[in-house]
Every structure is written in C-alpha cells, then in structure tokens.
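K.L.:
These are the residues of each chain, in order.
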Amino acid sequence: MMETARVDATHRSARAWAVALLALLALLAMLAMVSATVGCSDTPSPPIPPARVEQSDRPASQAPRSPAETPSATPVQAWRTVRSAAGTFSVRWVAAPDPIPVSDPFELDVQLFVDPECTIPLTGRSLSVDAQMPHHGHGMNVRPSVTEITPGRYRVAGMLCHMPGRWEFLFDVTAGGLLERAQTTVELK
Amino acid sequence: MEALVLFAAVALGVQTPGPACGLLSGLLSGSSQAPSVDTCKVFGTFERQFDLLESPTSVAVAASGDWAVLERDRRRIRVLAPDGTVRRVIGEPDDSQLPSGTVWDLAVDPDASGPTAITFGPDQRLTILSPSRVALFDLGPTASGVPWRIVSGLDLGEPVAAAWKGGDPQTTADDELWIADRRGSVIVLDGEIALKRRLDLASGFRFLRPSGVAIAPDGSVFVADEDANAIIRLDGAGREVARFGERGSFPGLFNAPRGLAIAGQCLYVTDELNHRITVHDFDGTFRSFWGMHAVVPREGEGKIHYPASIAIAPDGMSAYVAEPLERRVQRFGPSDAEAAMNSAMPSREGVLSHFGHAIACDGELLLLEEPETSSVFLFDLRDPTPMHVTTFGGSGEGPDRYSRVRALHVNAATQMAVVADSGKGRLAHLRIARDRTKPLKIDPFMVTLVRSWELGAWSDRVRGLLPTAGQGTLEPCGFAMHGGSLWTLDSRLGVLVSLDETLAPTKAIATGLAGASGLTARAGGGFATTLPDQGEVVLLTGDGSIAKRIGGRGSAFIRPTAVASMPDGTLLVTDGAADRVVVLGADGTVKGSMGSRGASDGLFWMPDGIAPYSGASVPPEQGDVLVGSEGPRCVVVDRGNHRAQVFRQDGTWIMTFGLGRAYTRPRERGET
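Those sequence lines, one after another, are chains A and B. Using this note's numbering, the letters of the first sequence map in sequence onto residues 78 to 266. Using this note's numbering, the letters of the second sequence map in sequence onto residues 71 to 742.
Quick caveat, the hints were computed from the structure, so don't treat them as lab data. Backbone N, C-alpha and C fix where the C-beta goes; we use that ideal spot for every residue, glycine too. Do not take every clue at face value.
Here are the simulated SDA-like cross-link-like pairs (lysine to any residue), alpha carbons at most 25 Å apart as the crow flies [to be verified]:
#	chain 1	residue 1	chain 2	residue 2
1	B	Lys266	B	Trp218
2	B	Lys508	A	His212
3	B	Lys508	A	Ala162
4	B	Lys577	A	Gly254
5	A	Lys266	B	Asp513
6	B	Lys577	A	Thr165
7	B	Lys508	A	Glu245
8	B	Lys511	A	His212
9	B	Lys511	A	Thr261
10	B	Lys511	A	Met210
11	A	Lys266	A	Glu245
12	B	Lys577	A	Ala252
13	B	Lys508	A	Pro211
14	B	Lys618	B	Ser663
15	A	Lys266	B	Pro514
16	B	Lys508	A	Val263
17	B	Lys511	A	Glu245
18	B	Lys508	A	His213
19	B	Lys577	A	Gly253
20	B	Lys511	A	His215
21	B	Lys511	A	Leu265
Cβ-to-Cβ under 10 Å is the rule here; a few derived chain B residues that face chain A [as the list claims (entries may be wrong)]:
#	residue
22	Thr461
23	Phe462
24	Phe515
25	Leu573
Assemble the whole structure, with the sequences as input and the hints as a guide.
P.N.:
In structure tokens form, the structure reads like this:
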C-alpha cells in the first residue's frame, strides 16, 4: 500500500510538473501571438489547417507543409495585420508554413475586418491576393487561388515566392466595382 | 511621261532605294507579274517609301495594282499607280503642285471628322467610310469624279477599317461590307449599304476596340481587337470560332494589333507598338514577322514605326504599310522569312522615351505615359532638369497594371495621382510616397495603389446622377481641378463629372462634346477641351455649358488634341497635324503659335499632351543661348520625336528631356 501510495504521489508530482510546463508554454505562445498581432487587440482565430495544393507537376516534397512539418518553422504562427491604403478595412493574415519558405509553395489564412482593431469582420467582399518584387519588376510565377472559408475569412493557396528579398504582398478587396488595396512588405531570406 | 511620273514622285516625297528615274521607267514599262499568292510570304525587302502623307491611317490595293491611301488629317484620299504616280485625289486638294485635273470632290461629307477608312470592293470601286456615311467611287478611266453611290445617315461609330465580302462583281446581292468600329463593335452592311448586323455587347459579342478586319477566301472574317491584343476569327454567319494572341513583345505576341490583310492562306497583322508586321496561319499559328523598329525618328527605308494599316497587292509581290506617325507608306517586296526575322531584332538604345498623349504636372511632380510598355514615369522637378524617380504600371493583369492610359492627374500637395486606363477600363487612385527632404533617388516602391474603379461600375454611378448619360462605358480623357474638386471629362459622350476623394462621381453634366480630348481648368473659371476630329477647341463655363467654340474647318487648328491653361488665362493647344502649339488668349482669340515641323529643339513632330510646367528654374549660365525661366512655362510631349520639351509661354525653348537625359542648350539640327 505504502509503495503504491509513493508511486501515486510520484505520478501526481510529475503530472503537476507537466501541467505547469504546458501552462507556461501556452502562456508564452499567447504572448507571442499578441505581440505579433500589431493593431488588432482581439484574440486571433486559430489558423485554418493548410490544404494540400494539387500540383501534379511538382514533387510531393515541394507541396506546402504544415508548421509542424516545417523544420525551421517557429512553433507559434505569427498573425500580422495591415490597414488598407484608403483606411477602410484591415487585413489580418498568417502564412503556413511560417516563416514563408523561398521557392516553396505556401498558403495564407486571411481575415478581413472593418476596424483597425480587427473586431468587426468585413463580409460580402471578394478578395484577390498577389505578391510582387518592385525592385526586380516582377511578381510571382504562379496565380494563387482564394477560397472564402467563412464570411470574411479566406484561404489563399498556391502562393510561391521564387527568390529571397523584399516582396510586397497585395490584398485587393472588391465590392461594387470598386477595388481597394492593402499592401505590406515581407522580407524573405 | 517619265517627267510627269518623277514630278509626281517628287511631289509625294517618294524615296527609292536606287535611281528614281530608272526604277520608275522600269515600272512604267510594265514589271513582270508574279503568280498569285498561294503560300505565306514575308515581305521583308524594302522597295520604296512614300513620304509627306498627312496621317496615312488606311491603305488599300485594287486588283489593277493601283493603291489608295487615306490621309486622315487632310481629309483626302490619294489613288496612285504602283510606281507612285498620283492618279486621283479625292477630297482636299494637295498642298503640293500636282498636275491639274486630278482632284475630285469628296461630295459634301457631313461628318466633321471626314473619312476614317478606305477599302476596295469586289467591283473595284473605292469605298470611303466616315462615321455616318459610305461613299463608293468608280475609278475607271471614264469615271466622272462623282461618287457612284453615297449612303448617309448611318451609325458606324468610329469606322477605322473595312473589308468587302462577296464574290460576284456583277451583283451586290451577296456582298457584305464588314467594318471595324473602334468604339467596340463590328458592323455588317449589305451590298446596298444597309445595316445587316451589328456585333456588339447587345448581341453577345465583347469587342474592346476593333481596329482591323479582313476576309479570308473561305468566307471567315478576322477582326483585330487592339485593346484585347487578340485576333478573333468569325465564321461567315458572324459566330466566333477562334481567338488567338495576347500581349507581349516576343514574336507571336501582340502589342496593339491594328491593320489586317490576307494573302493566300495567311494573315498579316500590323503590330503597332511592337513596330512590326507578323504573319500567321488562319488557325493563329505564328509563322514569321518583318520590320525593325526605327530608333531614330524619320528613319525608314525598311524600318517600321507604329504601323497602322497594311494592304497586299493582288499579285502577291508587294505589301504597302501605312505609318501615320511617320507620315509615310512603305512598300515591301518578298524576302526570305528567316533572314527577315534575323534582321528584325530591335535595338534597346534610344527607344525608352516613347511618351504618349497623357501628361500631368503639379508642383514638383510630373507624370508622363509610355504606351509601349503601358507604364507611367514619375519625374521629380526639384532640380533644374526633370529627374526620373520611379516607373509604375506596366502591362499585365493586375489592377495596378495598365493597357491604354488615356489621362493622368497628379496633386503635389496631397501626393496622389489618378490614372484613367481606357484599355482595361479602370480609374485608379495612387499614393506617391515621396519625401522631398531626402536626396533624389530611384525608388520602385514610391507609388502604391489605393483604389481602382471598374469604369463600367463607375459609369453606372454617373448614370445614377445623369440618367441621360446613355449606355456603355464612359472614358475619362482628362482631369482638372476646379472649385476645389477634381473633374473629369468623358470622351465617349461628353459627360463632365466631378469626383470625390474616392473618385466616385458626385455631379454629372452632359456637354454633348463626344470625341473630346483633354481637359483643363481655365484660370478665370470654367473649363477648356479639344475636339480633334472637328478641329475645335471648346471653352465651357463652370456649370459645363459651352461658352465658345474656336476653330473648325479651315481655322487655326487641324487636329488639336490637348489644351493647357496658364496662370494668366492663356490657353496653349497642341495641334499634332500642324506640328505646333497654338496660343489662345483667355477669351479664345488666337494670339500666335510656337514651333513647327522638325526634329531640332523647339520644333515638333506630332506634339500631343501639354501641361503647365512647375519645376525648378534653369539657372542662367554663361554661354547658354537661351537662359533663365522667368514667367510661366509649359511642357509639351513631342511624341514623334520621342521626347518632351519645356517652353516659356512666349514660345522660347528652355529644355528638351527624356528618360535619363535632359539638356538646356540647343543641339545641332537633326539631333534628338
């Protein structure tokens, strides 16, 4: 009995340590997310699990990988926010994998909001996404596809930045024949 | 006879590759005729050049071998023998001394714009098209000079090319006249010149800007769509059966395809902004091309510059290519296809300042459009000479890419720009992130897109304010700040529109000035614009009503295309056909002009856009012929010379510049 009790106590102690460790990790993760979400004060939604891109002409090793599969990926995805040039909407986005790989496909999880704090979803719009390298005078060699997952939230598949350097990510939101753009700079190494 | 031929040739400015007399005599004595075309030929051998033609936009060849050219800016058609002998002039008499008795009246053309296209019919009568009229002339030796038939009251839009389909010369029952209407439709008339069909949006066709048409031997019809950079093949019933082409400079791609011609089983396309003629199978397969881009203005003799129209002689031994910007027609003979392509790679040197019509200047910012690449150049004017600091746009699919930029606006205080792109049907608002406290440098990130309207949706908004604005997409052709608001004028219907900060229409006024080009706010209030086809400058009041029309036929203007208002109320008007800038007083009185035709500094070759110049002054320097920049200045797009020039308002030349070059001392004559 005594021995059993000692074992249970040891187990309880180990579990307590494990729970404490997990809680600490979760806290760190939340802090990282909050710090990455510039301008948006709310808690971001969990990222959409990335879908595999059907590209029969690419080897399987070049298909987009989830953050867990990416050796160099940080454990916590970094949400980023950019306000449109006209100040009429906000884009909150995260890449998968993150950091964005060079010359490998990746996806974006994009959410549109009306306000700078990202509390009021912007719905009923169409979204197109592109990336350009103005220094080099070119964009991507692929055309990404955009799918609305839920109102105001989109999965952008088939992104591929084929060289390192300064890229400009362009989020074009259209309604009623009027397109407005949010643009942000991404440095790829 | 030889003397007469040579006289006519000299009058036309004919250039021959060899001794003129010998060649003309040889042609007169009857050159050998080759068999009909049955394979694809490449016409890469330069034969001769016909100069001093005033905007030759359309060329056609008759079965007899005689050919005709439409000089649009002079409202006349010349009919010539293959050797260049002028047989007839239909329309305005020639300025040069042609033999008497050759001039025919155009027979009271009701269209202010005059003829816009020509073609030969199955019966070999010359068909002359205007926006509302078709006239057929018999050119036979006994012809009286009276049109064989005239049909007026038609609605042909802007007919820029036409081709007859039909076979039996004895009857018109099966004949059809296919017409490319640049306003977005293909029109089919029957043999009696009555409307048979109109292929447009309403009938399920989406043509952006049809600019060429040709009929294949099997009865199928090819249409060149300039803005779509595509050739559309229609069957005899007018159904689309194939489409090929996309924008690019690589052989086989197009950059503004315009004129079409067919010989044998091959299609020939004038690829205007690629400066070449491309040859295709009827299924669209690229076969070959010829034509080297002329780098130095006026350079011809085989080099091609902005080809607009092509016609191939029935014997298949020569092709006539009309180049309106160079005011000439070149004739080419057959050549080896591979050799033609190998000799046709364009030089990149000296071809970077293809400034187009659109220009805007405010404070230290200057925008100039470049049609070849569909780009816009931003110049910083803080230094005495303009410094190119960024390029934005370019061809492509995105909303920040352009096709055919029609008008520009820039506001130095708010550092914003507006681009009206008629080709893609967009109205874009851009931000210029320029920090004048920092040193000048090239910055490819300087200009970013804020918003962009689809002009179709924008036009619907205008119709919400002005229900009489009609159907279709409006085309902003100029911008002006007036009363604290930005205004634009539509060239399609002449609707004057005020815009809010999002470029949404807030007020719309019908002016009736369809075909307008350019807009400026007059210093004393109101606006001014031009009507190129009518040869008029129009002054409007602040409420959009017409205050005064200046010009018209026989006046100081031939083809005014842009107007700028100077601080003292003076209006400066570019006249591309007259190669000058006309100076008007604030009340519209003609005060004088600046410039004339030429390549030296201070002279023009088809000047186009104009704007008040607000850059830094040029400091006086010892030895300068012309120094200082006191008083108001203007900047003029000298389109045909691939440059821009800055003048004082009194006409004194100050500076010539392009991309990466500028000088304030005049160069030797002929240098550009």
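K.L.:
Output the indices of the hints that this structure fails to meet, ascending.
P.N.:
none
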